[in-house]
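Novice: Going line by line, the protein sequences match chains A and B. Per the UniProt record's numbering, the very first residue in the first sequence carries number 1; after that it's consecutive. Per the UniProt record's numbering, the very first residue in the second sequence carries number 1; after that it's consecutive.
Careful, some of the hints might be misleading.
Because identical chains share one entry, a pair is satisfied inside a single copy or across any pair of copies.
[What the hints assert, rightly or not] Distance condition first, Cα-Cα at most 27 Å in a straight line; then the derived DSSO-like pairs of lysine-lysine:
| hint | residue 1 | residue 2 |
| --- | --- | --- |
| 1 | LYS111 | LYS123 |
| 2 | LYS305 | LYS454 |
| 3 | LYS11 | LYS420 |
| 4 | LYS193 | LYS173 |
| 5 | LYS150 | LYS173 |
Because the hints were derived from the structure by calculation, they are not lab data.
2 protein chains.
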Amino acid sequence: MEPIKTFELSKEYLESLREGIELLDNEFIKQSLEGVNVADIAAILDELNMDEAIYVLRLLDHSFAADILIELDEDSLVKVIREMDPIELAALIDEMESDDAADILILMPTKEREDVISNLQVKEKSANILDLLRYDEYSAGGLMAKEFIKANKNWNVIQTIEEIRRQAENVEKIYSIYVVDNRQHLLGRVSLKKIILASSDTKISDIYEPELISVPTHMEGEEVAEIMRKYDLESLPVVNAKNRLVGRITVDDILDLIREQSEEDIQAMTGISADIEESDSVFRISKARLPWLLIGVIGGLMGAKIIGLFEDGLSKYIALASFIPLVAATGGNVGIQSSSLVVQTLASKSVFNDTPWQRFIKGLMIALVNGLVLGAFVFSVVVFIYGFESIFGLTIGLAMFCVVLLASFMGTVTPLVLDKFGINPAIASGPFITTANDLLGLAVYFGVAMALLKL
Amino acid sequence: MEPIKTFELSKEYLESLREGIELLDNEFIKQSLEGVNVADIAAILDELNMDEAIYVLRLLDHSFAADILIELDEDSLVKVIREMDPIELAALIDEMESDDAADILILMPTKEREDVISNLQVKEKSANILDLLRYDEYSAGGLMAKEFIKANKNWNVIQTIEEIRRQAENVEKIYSIYVVDNRQHLLGRVSLKKIILASSDTKISDIYEPELISVPTHMEGEEVAEIMRKYDLESLPVVNAKNRLVGRITVDDILDLIREQSEEDIQAMTGISADIEESDSVFRISKARLPWLLIGVIGGLMGAKIIGLFEDGLSKYIALASFIPLVAATGGNVGIQSSSLVVQTLASKSVFNDTPWQRFIKGLMIALVNGLVLGAFVFSVVVFIYGFESIFGLTIGLAMFCVVLLASFMGTVTPLVLDKFGINPAIASGPFITTANDLLGLAVYFGVAMALLKL
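Same shape as in the complex, but just chain A:
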């Protein structure tokens, strides 16, 4: 059976749509898209070229086209809005909720953006959008919409239902009705379920729940997401510094944000600089990947210089060369483990987290355990299995121990420092830091060898 009943998204349909566009078969295009979910249509338009996508959008109702526009990939979206004229775009934006409108306008140059806003028909909407554009895109203020239902605590159920009727067009999903006093201070919420079950003349002040979680406009999106997850919320009111209700964040925007951020983290860890996908062009993917590979290569070339300094020692003890990859790889693995644990803790922001000092002590102890175990293991293999003399085994084992300690320290400290400076700490597990760790590891390795083997 079909998991998704509405529409079969297929390469065959894409072909027939392309044909329909070429033949200007407007009837076929409109009919085939009727009742199809906007996210599915957007996925189809993402595959078309810009002229074809705009042709389809112009055939559809403004409200339908607006919903599709919101769901486009950022790449396609930028191309489409660059091509549309301000009046045409304003007609679509008039049909959107304020947060979606702001998300689109923020992609445009200031001049074009103002042109579009001045062409909006709904004056309240342009005020709302201008308000939202003031906030950082990834803050609570930037994530919220201005469309929601609020009720004065002095209203009764009938008045509240009237307000729902009045706003029914603007607010697609209601979830909760927020309760405010005469000065718009947020007091609590009342669920639609309660409204349905209460008698018409019940006062809102008698049925609302005063325990309500709200967030300030300046809170970071990541923290907002964590609050919604932790407290199982599908919508979250946003208040200004005076505790006045100014907007509402819904869970669909948070799901998108979480996905974006986890992709960003993984890209930071793997060193792919732009927001690319496997379906992008060879040139684009290479361009995004090469800079990070070059960092690694330059690091490797510097490593070659460092090893070159010890060439005399190496030629006396050629076996030292054999263990270079072992030392380098262990340092890299330990560093990535340590940094990813710290990054995970930073994301959860619990008040029960260890203090930096406790963290340092614990990190040191874990590094000692790991370093001792791995050092002893390597010593045993090198001496008892590979049959090297024990001073050589001691050299390799001690170098391992030192590298584990050093890499743990760097892996723990780097993300903390990055976070302090407001940089995504996930970068600490990426190529730049890993390369720096490799170089340090090499220096330690040859330092220990020089000392113990008297080279």
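Please build the complex by placing chain B on the supplied structure of chain A, with the hints as guidance.
Specialist: Same frame as chain A, now just chain B:
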């Protein structure tokens, strides 16, 4: 101002709670927790030892304690339910929605689980729970709850409101009312907003929306999450093979699932085997990290053996040793980039993805571009800056080129193969595969050197 108004989660409060427990000051404990969000209380109980946590839970109402229990960390939860007797636990589970109850029961041994279920007071609940326990925990069937509101298409609005009233206790958040025919086939949905705005005698069949996305019980949780994100859903009906409505998944469970899975992916990539946090004990963290470090170390020791085979060549051309880390690191970086791109594509499951063959060709072209650029760069630095003879520069450059090609191939193929066998493809970016790539890279490096330098 406070972002979260309800409760200040502080170490000071934790201390005073501990004191209250020691002094058996039940009044203080109950009063201080009154009206506090259950997720906050759970975070506090996670910090207590098991006896203290159970003491607090026993003081509270069954329904309050049940809500807190659901929010506990899995570690604390397992300890608490192991300690409670079946009758006590059944009284709490009677107060839970079926999906939460099943999530808890699945943590118990079969015998104890049956004891608890046989002590449940609400017979309908035990049937529901037994039904849910049949499904895989991470499938749609395992994620769904049996509590939701459904309306027959022949009902009118008044009858539907009666059903809401009847179920108000069981269904905490309604979102949508699902519309079914006489044989329980899912037909569509109607929003609470529509119910509020329609007149009492309106027929459900006149106002419901027939376009509705549903998923089958066997769908994987990851796919369910992607559908809810893509289509902006806060709840999703689940149907059986006969398209009969059997449950409902809500977005709060999906947010938890997404977080768990992204942590799992990062742990797979960084090689930390158990589900650990920075706040766990030194012993536990070391135990989780050491196995993966050992894999890397064993790989490194095998690498030492490989290099040892070329010792004669190395002693003639000692400079070869200097470039070992360069070659190994580049192979590692290229492999991780390639595999993470593939993993990202696998997660999105678009029908417009390239076929395996197109993917292979494109991967090859990107590898050629990257390999040529990096190989040429390395050749230039080695010959023109470091002043080696050009045959040596060619050796290093060509080895780089081969390693980039090989690592790209391995990085692309490995996650695809793992995915085919139902293994999390994120492991491909982890220590095991990276180590294998390192060894291959070393073999290629010395192979090229043997051939070109005639060693």
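Novice: For every hint, state whether the structure bears it out.
Specialist: We went through each hint and held it up to the structure:
Taking identical chains as interchangeable, the C-alpha atoms of LYS111 and LYS123 lie at most 27 Å apart only when both belong to the same chain, with a minimum of 19 Å there against 66 Å between chains. Taking the closest pair of Cα atoms, LYS305 and LYS454 come within 27 Å of each other both inside a single copy (21 Å) and across two copies (24 Å). Within a single copy, LYS11 and LYS420 get their C-alpha atoms only as close as 48 Å, which misses the 27 Å cut-off; across copies the closest is 23 Å, which meets it. For a Cα distance limit of 27 Å, the shortest separation of LYS193 from LYS173 qualifies both inside one copy, at 14 Å, and across copies, at 8 Å.
Proximity of LYS150 and LYS173 under a CA criterion of 27 Å is satisfied in both settings, with 13 Å inside one chain copy and 19 Å between copies.
Every hint, counting from the list given before, is met by this structure.
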